[in-house]
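J.: Let the sequences and hints guide you as you build the complete structure.
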Amino acid sequence: MTHPAITRLDQLGIGRSRLVVDSRAVKPGDVFAAFPGHSNDGRRYIESAVRAGAAAVFVQPGEGCSQDAAGAAPVIAIENLARNIGAVADEFYGRPSQSLRVVGVTGTNGKTTVASWLAQAYDTLAGKRGSAGMIGTLGSGLLARLEPSANTTPDAASVQTTLRELLDAGARSVAMEVSSHALDQGRVSGVRFDATVFTNLTQDHLDYHQTMEAYGAAKAKLFTDYPTKHRIVNADDDFGARMIARKLPQTVSYGMNAGLVRSHIARSSEYGMQLVIASPWGELDIATTVIGRFNAYNMTAVAATLLSQGFDPESVTAALARVNAAAGRMQRVTSSIERQAQPTVYVDYAHTPDALAKALSTLRDAGAKRLVAVFGCGGDRDRTKRSQMGDIAATLADSVLITSDNPRSESPESITADIEAGVPTPRRNRAQIIVDRREAIHHAIANAGPNDVILVAGKGHEDYQEVAGVRHHFSDVEVAQQALNVYAAREVSHAH
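Count the sequence shown with my numbering and you get residues 4 to 499, in order.
Careful, some of the hints might be misleading.
[Stated by the list, open to error] Here are the computed distance ranges between Cβ atoms for each label pair:
{"no.": "1", "residue 1": "Arg132", "residue 2": "Arg27", "range": "30 to 40 Å"}
{"no.": "2", "residue 1": "Ala321", "residue 2": "Pro252", "range": "25 to 35 Å"}
{"no.": "3", "residue 1": "Lys30", "residue 2": "Ser272", "range": "48 to 58 Å"}
[Claimed, not checked] DSS-like mimics (lysine-lysine), calculated; alpha carbons at most 27 Å apart, straight line:
{"no.": "4", "residue 1": "Lys250", "residue 2": "Lys232"}
{"no.": "5", "residue 1": "Lys250", "residue 2": "Lys224"}
{"no.": "6", "residue 1": "Lys131", "residue 2": "Lys232"}
Bear in mind the hints are in silico, worked out from the structure with no lab data behind them.
Note that the Cβ used here is the ideal one computed from N, Cα and C, for glycine as well.
T.: Here you go:
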């Protein structure tokens, strides 16, 4: 049944080009949705939206709402618009998720990699590029043309806008990261999922959710509150196991120790691994260039999703053998002067205690003799994890450079001091603070031996550093490559 507000719009002869919730983004012909949000009330901006060319206004009636501001533009009142914006946007765009295979991925770590690999696999399985889209940390759009996005999961109206655009661009599958904030705020309401995937739950975002229980409850909503045909859940994770015990319909468990779809690493080196996956649909034997036990979990999650969607084991094996690491996720950086002996450098997004521990353990397991960690922690975010990460880095790495991440409004020096406070006294000599991130990366690489392994953690794919409210261009990958070029050039001059 069509929403009365959409019927009214059609009666007025107003086209359904775009539904926009930010008045600054309004273009002529758009419909502006005005309702109270978390930090701002959109109803205060009706006048500026109409001035920008809004053809009509959807508004949540009630206190603080003056319909006169709309002038000649028709105003259509919708009760509880803030809560129902997803469903309204879904109708507005002609229910795009009904015609797409949408997979929602949630969890503390692994969301980006799982979503990226799913999209890559759908492209391979369809036999052509441009058949899969992605919404998440790396951006939104078709896989080859991702546009940067401000949040992991955009607002509810933008999610529907993107789904419609992807459908119009020829996409048939969409892999979407769904953050706990997004679930808590209903940003994916109105989306019909084909599958939902849970990776793991470890400490993060306690500045927002306050307790791990509340954080977990937000994640669980993706499996209980939204229509989905397949629920793919990590059985080796404590929270995942509790979710499996609830016996929700169409749940497929996966893991390395438990689960219906179970994997083990048959062989591994610093260049990749061979992953064998047993499942009710058959066995998969995958040779891949990605490394790490956490990536074995990510790949098992993707395999479990594709198998439960009806793809055959042979095709899934071939598709997964071809996937590349997502940008800034255990991304190997090399100098442009390839032939020279040089340290092995990885850039990774690890910014939680668990992710940092897994990244460092992975590199140690892959054969790192001397391991160096370069990392910081974000400002204005969960402070309790800082000392934990200092402890983890000093325990698992041989040398640690504590530096700035995105300090935001905090003082970089106070953040690095919080991290250093967690370094155990007997290991203090392993850690040093270099607040300037560029300098820290250059220092780590310049002082490394050719057999050393360096992990630059925390920012991954990001191409900015946010200091005192301003984003400056900064890329760990670019800086590491510059430092490696200097290193390689030095080796060349020594050789002559």
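J.: A separate judgement is required for each hint: does it hold in the structure or not?
T.: Hint check results:
no. : hint                         : result
1   : Arg132 to Arg27: 30 to 40 Å  : holds, 34 Å
2   : Ala321 to Pro252: 25 to 35 Å : holds, 30 Å
3   : Lys30 to Ser272: 48 to 58 Å  : holds, 53 Å
4   : Lys250 to Lys232             : holds, 14 Å
5   : Lys250 to Lys224             : holds, 15 Å
6   : Lys131 to Lys232             : holds, 25 Å
When the structure is compared with the earlier hints, no violation turns up for any of them.
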